[in-house]
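Enquirer: Sequence:
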Amino acid sequence: MSTTHLQQTRTQSSSNVAGTLRLNPSHTLQNTNWKEDLHQQGWVVIKGVIPREKALSYADEAYQYLESFGLGFDAKDRTTWIPENMPFFFKGGLFHRYGASHEQFVWDIKQEPELVKQFAELWGTEELVCSFDGLNISLPIHGRTPDDDAYVPWPHVDQSPLVTDFHCVQGAMNLLPNGPKDGGLMVLKGSKELYSQAWKAFDKDKPEGGWNERHLHDFTPEQIQWFLDNGAEWHKICADPGDLFLWDSRTVHYGATPESNNPRIATYVCYKPAFLLTPEIKQQRKEAWDKKYITSHDPITFTIEDRAPPASHITRDHWKISTLQEPVLTVLGRKLVGVEDW
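Residue numbering for the sequence shown follows UniProt numbering, beginning at 1 and increasing consecutively.
Please note that a few of the clues may not be correct.
Derived lysine to aspartate or glutamate pairs resembling EDC-like cross-links, with alpha carbons at most 16 Å apart [said to hold, decoys possible]:
1. Lys54 / Glu114
2. Lys91 / Asp229
3. Lys54 / Asp108
4. Lys189 / Asp240
5. Lys181 / Glu259
6. Lys76 / Asp60
7. Lys286 / Asp341
8. Lys282 / Asp60
9. Lys91 / Glu259
10. Lys206 / Asp229
11. Lys282 / Asp341
12. Lys47 / Asp240
13. Lys286 / Glu340
14. Lys189 / Asp341
Hints listed in this document are in silico derivations from the structure and should not be mistaken for laboratory results.
Work the whole structure out from these sequences, hints included.
Expert: What follows is the structure, encoded as structure tokens:
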């Protein structure tokens, strides 16, 4: 893909729906206190959304995905768990090139009926569309150092500073045991409640052209200190295989890499009501699906990533870049993609 084309495809879809969304107040599922927890604290863990053994089998398929590049990675030989034997990844374990979000096992997870049901309960409708975002495989890499940029915390929100109302609920399906030192989702408790106030406090940091419209903001250490000074505190989420993480996009967070010898594997999952689709967004999603691009978290207001890694990476000419995946979809999956209408 040319640079010009990449810049064009990165154009974010319309965000004029911001502020129109509300959480469904009804409680029709078992253990639905999670919606109240999500609203109050900005994040929640829903236990056992998919069976443990099924989650572990999906983790095995994630290892097979790394092996499929033929770079020397062997899931059974931890001496091969080094970046040189792996496809390009970002921030210690984010896989968002090669159309990774369209691997079969990733779509098998996105089509899991019990997973989709949680978002149906969240929004009060079964008629949903899902994002084309990817996965996180954070391994205890041999030879890593504390100052390695790939492993430095990167607190951020996936919401524009210009949108301070409720906008999106992000999700991650956890596939491996996830303890205090095993890597995983770090959330800044209390940051959702401080979200609107924060941008007024950070006014001196505002760029000359104003805050960015794109739904992403990386916080500086000074900005994070402001949250901490105002009562927020970091919390590491722990979970079991098959548990679902959900968090309000106004919650400051990042994916921590393992401090233990245990890997962390999760796929990102995010669904929104299909009624939010406009003809323009439908067309953008169709292009992303046809070309098997990966998108950012939000199914409605998203950006698109190139399939190719940086030019300096060993896989720049790998067959995985040009060979498009054709995952098998269920009837539900076809509606979640948008190739069939609800």
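Enquirer: All the hints need checking, so say for each whether the structure fits it.
Expert: Okay, the hints, checked on the actual structure:
Taken as a hint, the Lys54 and Glu114 pair is honoured in the structure, with Cα atoms around 13 Å apart against an allowance of 16 Å. Restraint check for Lys91 and Asp229: not satisfied, since their Cα atoms lie roughly 26 Å apart, outside the 16 Å limit. As the CA atoms of Lys54 and Asp108 are separated by approximately 11 Å, the hinted pair is consistent with the 16 Å bound. Taking the CA atoms of Lys189 and Asp240, the gap is near 21 Å; set against the 16 Å cutoff, the hint is violated.
As the CA atoms of Lys181 and Glu259 are separated by approximately 5 Å, the hinted pair is consistent with the 16 Å bound. For the proposed pair Lys76 and Asp60, the alpha carbon gap of about 11 Å is at most 16 Å, so the pair holds. Using a Cα cut-off of 16 Å, the hinted pair Lys286 and Asp341 holds, with the two alpha carbons roughly 12 Å apart. For the proposed pair Lys282 and Asp60, the alpha carbon gap of about 33 Å is over 16 Å, so the pair is violated.
Between Lys91 and Glu259 the CA atoms are separated by roughly 15 Å; this keeps the pair inside 16 Å, and the hint holds. Between Lys206 and Asp229, the direct Cα distance comes to roughly 20 Å. Violation of the 16 Å bound is thereby established for this hinted pair. Distance hint between Lys282 and Asp341 is fulfilled; the C-alpha atoms sit about 11 Å from each other, no more than 16 Å. A C-alpha spacing of about 8 Å is found between Lys47 and Asp240, which places the hinted pair at or below 16 Å, so the restraint holds.
Restraint check for Lys286 and Glu340: the C-alpha separation of about 11 Å stays at or below 16 Å, so the hint holds. Proposed proximity of Lys189 and Asp341 is contradicted: the alpha carbons are some 38 Å apart, above 16 Å.
Comparing the model with each earlier hint shows violations of hints 2, 4, 8, 10, 14; every other hint is respected.
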